[in-house]
Structures are given as structure tokens and as C-alpha cells.
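2 protein chains.
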Amino acid sequence: MSTEQRSILVTNDDGITAPGIRQLVDVARSFGKVTVVAPDSPQSGMGHAVTISRPIRLEKTDLFDGIESYECSGTPADCVKVAVDQILHRKPDLVLSGINHGSNASINVLYSGTMSAAIEGAIEGIPSLGFSLTNYSRNADFGPGLPFIRRLIQRVITQGLPEGTLLNVNIPNPEDGQVKGIKVCRQAKAKWEENFAERTDPHGRNYYWLVGIFKDYDQGEDTDLYALSKGYVSVVPTLFDLTDHHFITNLNTWNLNE
Amino acid sequence: MSTEQRSILVTNDDGITAPGIRQLVDVARSFGKVTVVAPDSPQSGMGHAVTISRPIRLEKTDLFDGIESYECSGTPADCVKVAVDQILHRKPDLVLSGINHGSNASINVLYSGTMSAAIEGAIEGIPSLGFSLTNYSRNADFGPGLPFIRRLIQRVITQGLPEGTLLNVNIPNPEDGQVKGIKVCRQAKAKWEENFAERTDPHGRNYYWLVGIFKDYDQGEDTDLYALSKGYVSVVPTLFDLTDHHFITNLNTWNLNE
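These protein sequences, in sequence, are chains A and B.
Those letters in the first sequence? Residues 0 to 257, per numbering that gives the first Met the number 0, in order.
Those letters in the second sequence? Residues 0 to 257, per numbering that gives the first Met the number 0, in order.
These are computed hints drawn from the structure, not numbers from a lab.
Keep in mind that a hint or two might mislead.
Just so you know, same-sequence chains aren't split out, so a pair can sit in one copy or run between any two.
[Unchecked claim] Each computed BS3-like pair below joins lysine-lysine, with the alpha-carbon atoms no more than 27 Å apart:
1) Lys-190 <-> Lys-214
2) Lys-229 <-> Lys-179
3) Lys-214 <-> Lys-90
4) Lys-190 <-> Lys-229
5) Lys-188 <-> Lys-90
6) Lys-32 <-> Lys-229
7) Lys-32 <-> Lys-188
8) Lys-90 <-> Lys-190
9) Lys-32 <-> Lys-214
10) Lys-59 <-> Lys-90
Make a model of the complete structure from these sequences and hints.
This is how it looks when you write it as C-alpha cells:
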């Protein structure tokens with residue numbers, strides 16, 4: 000397939016005006032005809048939400064020079080669905096989501112709007128990658144990660160991805176700006192240790208803000224968190240078949256019909 | 000552990016007033032001390048969303064005789080987090096989510112608020128089960144499924160679940176009301192074939208409603224959709240480690256650092 004023929008959908012969850020998506024569009028345009036469909040407002044923490052009970056708005060923008068782009072009132076997963084059905088009228092050849100401002104390594108893949116868009120692409124049978132930088136700042140420096148993003152897109156175009164598998168790519172933010180390379184990883188066993196900050200409103204009613212500390216419980220050196228801590232880009236091949244295939248055999252010994 | 004000592008958290012995504020959660024509470028109360036923390040409004044399709052940028056409200060209710068219950072303005076995943084941190088001040092011994100009005104079989108596990116609450120429980124290291132009835136009606140008959148729900152809860156209490164695995168339980172809705180038994184299954188390969196219905200508002204602007212047709216592409220007889228179609232309760236052991244462990248070896252041959 001020639002670069003002219005390749006249709007690439009770019010989306011994100013930080014919203015269409017976030018710096019991260021501009022960087023990704025600039026990389027993507029050298030690989031094909033890019034279309035941007037991204038949320039009109041930040042959608043972080045939306046997980047795999049879809050908009051069922053409200054309609055979706057879609058507005059053409061001129062935010063990207065020479066690239067067809069739309070802002071969408073829905074979630075990142077909605078963006079992929081509406082792009083395929085209403086804008087492209089076909090499946091794109093590649094779905095790229097990000098670059099997210101903040102890590103989607105480890106358990107964050109579940110909460111991530113960025114990754115939900117990439118998962119939605121994979122469900123549609125499209126090779127899909129989600130990219131995140133482990134820096135929440137709006138002024139984060141995406142530069143050091145870009146050559147690695149370019150390389151990963153190139154490889155996926157060349158090699159393809161198995162049906163049902165997408166890539167969760169996280170980019171480290173080393174103080175010296177030196178990204179060491181790429182490591183293929185598994186999702187680390189880590190979680191948010193939650194608590195809620197309690198406040199009282201002017202009417203005397205309580206409300207709660209979610210706050211949390213991220214804890215890595217994994218000792219492995221083959222995890223995404225480990226690779227990132229050592230200055231490597233982490234690539235986790237990611238499934239949307241959540242079945243615990245190994246446990247099926249065990250569960251069958253429970254004799255659930257007796 | 001005695002029944003008196005066992006702490007059981009019940010939540011859902013259809014909202015605290017939905018009939019399905021009443022049925023689940025009635026089953027759960029014979030196994031331990033039940034606390035209900037559920038959304039104050041329907042949260043279907045919320046996936047694994049969490050509420051970061053808004054505070055959460057929590058109000059005590061008297062909707063369940065003799066059972067401490069709270070309605071929460073957050074998502075199902077928020078309900079589990081706030082219950083552990085602000086209400087129980089400890090991890091419960093069991094998290095039960097549902098009974099959802101509508102199927103969460105196959106790919107719906109990803110979009111499901113019901114399952115996100117159960118996944119959140121499992122992330123916390125708590126044995127967790129999500130229950131759904133394949134009937135969207137508010138007046139659905141939950142009766143035929145209840146003995147099977149009771150049995151599954153009993154077995155999980157007796158046998159435990161491996162760390163990182165929860166159960167996605169779907170209950171069929173056979174016309175004759177006869178549920179045939181329980182089958183351990185894998186998640187079927189199926190998806191929503193989306194389209195969007197386009198409308199024009201009184202101001203001449205377009206908007207779009209998500210509509211979709213569910214398509215089962217799986218020929219297997221070991222899937223949740225197959226079991227349900229034959230009148231069986233489907234039980235899919237479900238992971239929140241999304242890593243495609245099999246593909247790691249292959250991806251390492253891509254020589255990503257060259």
C-alpha cells in the first residue's frame with residue numbers, strides 16, 4: 000500500500016487542542032492520509048465509556064494544516080466509532096491514539112481514554128497503537144519520544160499485528176532527555192491506593208475528591224513500569240479478550256452443576 | 000469466617016433503585032453483612048470510567064430494609080473505591096455487582112459499568128463477581144437465575160478465586176423460564192456493528208445517535224454467547240492483566256532497537 004492510499008485515524012483523550020495530539024499528527028502524516036477525530040474536551044479517566052443516552056456532536060475544525068479534522072462531543076471510543084461510520088465511511092488502515100499527557104502503563108490501561116480508543120480500533124480489526132508520555136504537564140517535551148513512535152508505527156505497518164492485539168506504548172520522561180531504547184514488556188502489577196479528601200460545601204453537605212497514590216507491587220524486571228523507570232519506552236501487547244484461559248480448566252473442576 | 004463476619008459490598012451500574020440490585024441484595028444477605036454503595040443514576044456504558052475532575056457525593060438511603068446503603072454520584076468503579084475508603088474503612092470480603100439489566104457477555108465486558116465495579120474489586124484483591132441478565136427490560140424476571148447466582152457465590156466463598164481473576168456471570172432469558180445449568184466459557188469474539196443515526200436540531204445543526212447491531216463472529220461452542228443461546232448461565236473467568244503474553248516472544252523478534 001502506498002503512503003497516499005493509507006488512511007490513518009488519529010485521536011486522543013486529552014482533547015483535540017492538546018499538544019500531544021499535534022505531535023502525533025506530525026509523525027503520522029509521513030505514513031499516510033491522516034484524519035483527526037478527537038474529543039472537544041478532556042476525557043481522561045473515561046475508561047471504555049461510550050455515549051448511549053445522549054447524542055453526539057461533530058464539528059469540522061481547521062486546527063491541523065492540510066488535515067481533515069473534527070472535534071467530537073463524545074468519548075475517545077465514540078470518536079473511533081463515529082469516524083469509521085460517518086467520516087471515513089470505511090475502516091482506516093491504522094488507528095493512533097495520543098500522545099497522552101500522562102502514563103497509561105500498568106493498570107492505567109483500564110482507566111485510560113487514550114487506550115480505549117486504541118482498543119476500539121483493534122475491536123474493529125484495525126492495527127492500533129496508543130501512545131502516552133509519563134509526564135502530565137501540558138508543556139511536557141514530547142521530542143525525545145518521537146523517533147521511537149515513528150519506528151513503532153513503521154514496524155506495525157511492515158509487520159502487522161495479530162487480530163485482537165494492540166500496542167500500549169509509554170514513553171519515559173528522563174531528566175536528561177535521553178530515551179535509552181524500546182523494551183517489550185508485560186503490564187506491571189500495580190494499583191492506585193485510593194483515598195478521598197472530604198470537603199464540606201457552603202450548604203453543609205459533604206463531598207469527596209478522589210486522590211490516590213500509585214503503588215507498584217511488581218518485583219519483575221519485565222514490566223512496563225520497570226522499563227520506564229530505566230529510561231526505556233515500554234511496549235505492552237494488549238488484548239481485549241479478557242478471558243482467563245488458564246483458569247477455565249480449574250473452574251470446570253468446581254462441578255458447578257452439582 | 001462466619002456469615003456475621005463476612006462483609007459483602009453490593010453495587011451495580013443501573014442505579015440504586017434498579018430492580019436488579021434488590022434481587023442481588025436479597026441473595027447476598029444470606030452470605031454476610033451487606034453494604035450497598037451504588038450510583039444515584041444509571042451508568043450503563045460507562046466502561047471503567049472514574050471521576051477525577053469533579054467531586055463525588057455520597058448520601059445514605061433507606062432503600063434496603065436493615066441494610067446500610069448509600070447512593071453515590073460517581074461511576075460504578077468510583078462506588079467501589081469510595082466504599083472501601085469512606086464507608087467500610089476496610090476491604091470487604093466479597094464484591095458483587097449487578098444484577099445488570101442487559102447482557103455483559105462477550106465484548107460488552109469492556110463497555111460495562113457493572114463489570115468495571117467487579118474489576119475494581121478484583122484490583123483491590125477482593126473476590127468479585129459481576130451478574131447480568133440478558134434482558135434489558137426494567138420488568139425482567141430475575142427469578143429463574145437466582146438459584147444459580149446463589150450457587151456461584153457459595154462456590155466462590157468456599158473455593159476462592161486466584162488473584163487477578165474475577166467472574167463475569169450472564170444469565171439467559173429463555174422463553175420457557177427454564178435455565179438449564181451453568182457453563183464455564185470464554186469471551187466470544189463478537190462486536191457491535193455501529194452506525195449513527197443523523198438528526199438535525201431546530202437550529203440547523205447536526206447531531207448523531209449511536210445505534211448498533213450486535214454481531215457474533217465466533218463459531219465456537221465454548222463461548223459465553225453460545226452457552227446463553229442454549230439456555231445456560233455463562234461464567235467467564237476474567238482478567239484485568241490485558242497483556243498478550245503469547246505475543247511478547249514474537250514482538251521481541253521485531254528487534255525494535257535496531
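At 27 Å max between alpha carbons, let me know whether Lys-229 reaches Lys-179 within a copy, between copies, both or neither.
Close inside one copy (8 Å), not across copies (54 Å); limit 27 Å.
How do Lys-32 and Lys-214 come out at 27 Å by Cα distance, when the copy is not named: within, between, both, or neither?
This pair counts as neither: shortest intra-copy Cα distance 41 Å, inter-copy 30 Å.
Please sort Lys-90 with Lys-190 into within, between, both or neither, judging by C-alpha distance up to 27 Å.
between (35 Å within a copy, 14 Å between copies)
As a check of your reading, is Lys-214 near Lys-90 (CA-CA no more than 27 Å) within one copy, between copies, both or neither?
Answer is between: at 17 Å across copies they meet the 27 Å cutoff, but 39 Å inside does not.
Within, between, both or neither: Lys-32, Lys-229 at alpha-carbon 27 Å:
Intra 35 Å, inter 46 Å, cutoff 27 Å: neither.
Given identical chains, is Lys-32 near Lys-188, meaning Cα to Cα at most 27 Å, within a copy, between copies, both, or neither?
neither (38 Å within a copy, 30 Å between copies)
Copy assignment of Lys-59 with Lys-90, given that the CA separation must stay at most 27 Å
For Lys-59 and Lys-90, the Cα distance is within 27 Å only inside one copy (19 Å; across copies 48 Å).
27 Å Cα threshold - placement of Lys-214 relative to Lys-190
within (5 Å within a copy, 34 Å between copies)
Status of Lys-90 relative to Lys-188 across identical chains (alpha carbons, at most 27 Å)
between (34 Å within a copy, 18 Å between copies)
Pop the pair Lys-190 and Lys-229 into one bin, within, between, both or neither, using alpha-carbon distances up to 27 Å.
within (20 Å within a copy, 38 Å between copies)
The earlier numbered hints that this structure contradicts are 6, 7 and 9.
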